[in-house]
Amino acid sequence: MCLSMAVAAACLAACGKVPPVTDADLNPVNGLADVPRWDPAWSGTQMGEMVGQAGAVPCHGYVDLVAPSDDGTGARLEGWAWNVAASAPFPSVIVTDSDGSIRGAGTTQVVRKDVSAAMPAVVTEDRVGFIAFADAPPEGLVVYGFDNSDDTYCRLDSN
Numbered sequence: 001m002c003l004s005m006a007v008a009a010a011c012l013a014a015c016g017k018v019p020p021v022t023d024a025d026l027n028p029v030n031g032l033a034d035v036p037r038w039d040p041a042w043s044g045t046q047m048g049e050m051v052g053q054a055g056a057v058p059c060h061g062y063v064d065l066v067a068p069s070d071d072g073t074g075a076r077l078e079g080w081a082w083n084v085a086a087s088a089p090f091p092s093v094i095v096t097d098s099d100g101s102i103r104g105a106g107t108t109q110v111v112r113k114d115v116s117a118a119m120p121a122v123v124t125e126d127r128v129g130f131i132a133f134a135d136a137p138p139e140g141l142v143v144y145g146f147d148n149s150d151d152t153y154c155r156l157d158s159n
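Residues in the sequence shown are numbered consecutively from 1, following the numbering used here.
There could be a bad hint or two in this list.
What the hints assert, rightly or not - Simulated restraints, written as ranges between beta carbons of each label pair:
| # | residue 1 | residue 2 | range |
| --- | --- | --- | --- |
| 1 | 70 | 149 | 27 to 35 Å |
| 2 | 73 | 113 | 26 to 34 Å |
| 3 | 125 | 157 | 15 to 23 Å |
| 4 | 121 | 100 | 16 to 24 Å |
| 5 | 62 | 87 | 16 to 24 Å |
| 6 | 149 | 71 | 17 to 25 Å |
| 7 | 113 | 68 | 36 to 44 Å |
| 8 | 139 | 62 | 29 to 37 Å |
If you are wondering where the hints come from, they were derived from the structure by calculation, not from laboratory data. Glycine residues also receive a C-beta, built at the ideal position from the N, C-alpha and C atoms.
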């Protein structure tokens, strides 16, 4: 049975907030002090079960940072995601392991003026950055931008 992205969006919306991060953890372009956590009940769900049949859309985006989380229980990921088809930021991101099992998520709410300045003809908003958390080690994680209004997604580039 396929779960829709509406379920994923509801889980993101219902999640609590993590404790504020230290100044050393803040990206100087965003200043964001806290972000929503994802629902650990998703962990292990296959990506295809979450996104249904809508499929991939063109996007621009990049995973700038993949590092161990501050509490050592998983990973913290930062980057940006732009949905070319919608001419808007993806509202959320989903993190999977290399086998496609969902391991974490985040929301696209971080101001990234560097991105809109570098791509002004394409990226027309500043709030394209994300911070996501995963319950897996940093190695081998994959990040997808998601649009829950039409169940579309796009794999983001990373180094």
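Does the Cβ-Cβ separation between residue 121 and residue 100 fall within 16 to 24 Å? violated, 33 Å
Assuming the hint says 17 to 25 Å, is it satisfied by the Cβ distance from residue 149 to residue 71 or not? violated, 33 Å
Distance restraint hint 27 to 35 Å, applied to the beta-carbon atoms of residue 70 and residue 149: holds, 32 Å
A range of 29 to 37 Å was offered for this pair. Does it hold for the Cβ distance of residue 139 and residue 62? violated, 18 Å
Is the distance from the Cβ of residue 113 to the Cβ of residue 68 consistent with 36 to 44 Å? violated, 27 Å
Tell me if the beta carbons of residue 62 and residue 87 are separated by a distance inside 16 to 24 Å. holds, 18 Å
Starting from the hint 26 to 34 Å, judge whether the C-beta atoms of residue 73 and residue 113 obey it. holds, 32 Å
Is the distance from the Cβ of residue 125 to the Cβ of residue 157 consistent with 15 to 23 Å? The hint (15 to 23 Å, Cβ to Cβ) holds, given that residue 125 and residue 157 are roughly 19 Å apart.
Hint violations for this structure: numbers 4, 6, 7, 8, all remaining hints satisfied.
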